[in-house]
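Participant: Build the full structure now, drawing on both the sequences and the hints.
Okay, so the sequence shown: first residue is 1101 according to our numbering, each after it adds one.
If you anchor each label on the Cβ, the simulated ranges turn out as follows:
| # | residue 1 | residue 2 | range |
| --- | --- | --- | --- |
| 1 | L1166 | L1128 | 48 to 58 angstroms |
| 2 | K1217 | A1246 | 32 to 42 angstroms |
| 3 | L1283 | G1255 | 40 to 50 angstroms |
| 4 | P1201 | D1241 | 19 to 29 angstroms |
| 5 | A1137 | A1246 | 20 to 30 angstroms |
| 6 | L1135 | A1202 | 51 to 61 angstroms |
| 7 | S1143 | T1206 | 41 to 51 angstroms |
| 8 | F1254 | E1159 | 17 to 27 angstroms |
| 9 | P1201 | Q1158 | 23 to 33 angstroms |
| 10 | E1159 | Q1209 | 26 to 36 angstroms |
| 11 | L1166 | Q1209 | 16 to 26 angstroms |
| 12 | S1143 | P1201 | 38 to 48 angstroms |
Note that these hints are calculated values from the structure, not bench results.
Every residue, glycine too, gets a C-beta built ideally from N, C-alpha and C.
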Amino acid sequence: MRSISGLWRWRHNPLRRTTDLAEAWVALAALLLILVAAPLIGSLVGRATGDILQKSVQEQHRSRHLVTATVVRKLDRSPLEADPEASAGRDMRTRVLADWPAPDGTTQQGPVLASLKNPAPGDHFRIWTDGHGRMVARPLDSATAATHAMLAGFGAALAAAGLVEGGRRLILWRMVRRRYARLDQAWDKAGPDWGKTGTGC
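Facilitator: Okay, here's the thing in structure tokens:
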């Protein structure tokens, strides 16, 4: 919001310097970019991200299949899950050795995290597999993809606004340094004669 503070320099004032007017123009340009360009960039990024993610959702739903797996036997706890408090926050899953059908009719077998509290041989549960019968993660759903796209658009808008504000501050910093350099030059010219009688100062 500091861009707005520079707009006071538009006021007509006999003490207004040329750089004051330039600062006002920079503030106005930054304000317009923040209000117009940043939301537009956020909208474009959000829409593009949404399109990509929705295509990914469709592709995942085409290539992944929900199948029924059968428990062969319960497996020991994974060494990575040795701390019972670390796994307490997860939805209660148990490691089992399971069989499941592959799309080509063969049977696949491997260790699986089953959403069963007390799995016994012969118990059934559902898992996602790819076209070759390998276990894969659950496909992304449309609502989650839309949320990610919205967050990406919001982040892009904030980044664009921050970039504009950073550019405004950099321009003002350079203008102030130039102003001080000119002031130093003026003092250097007036310095040797400052305070002497008859110099007209």
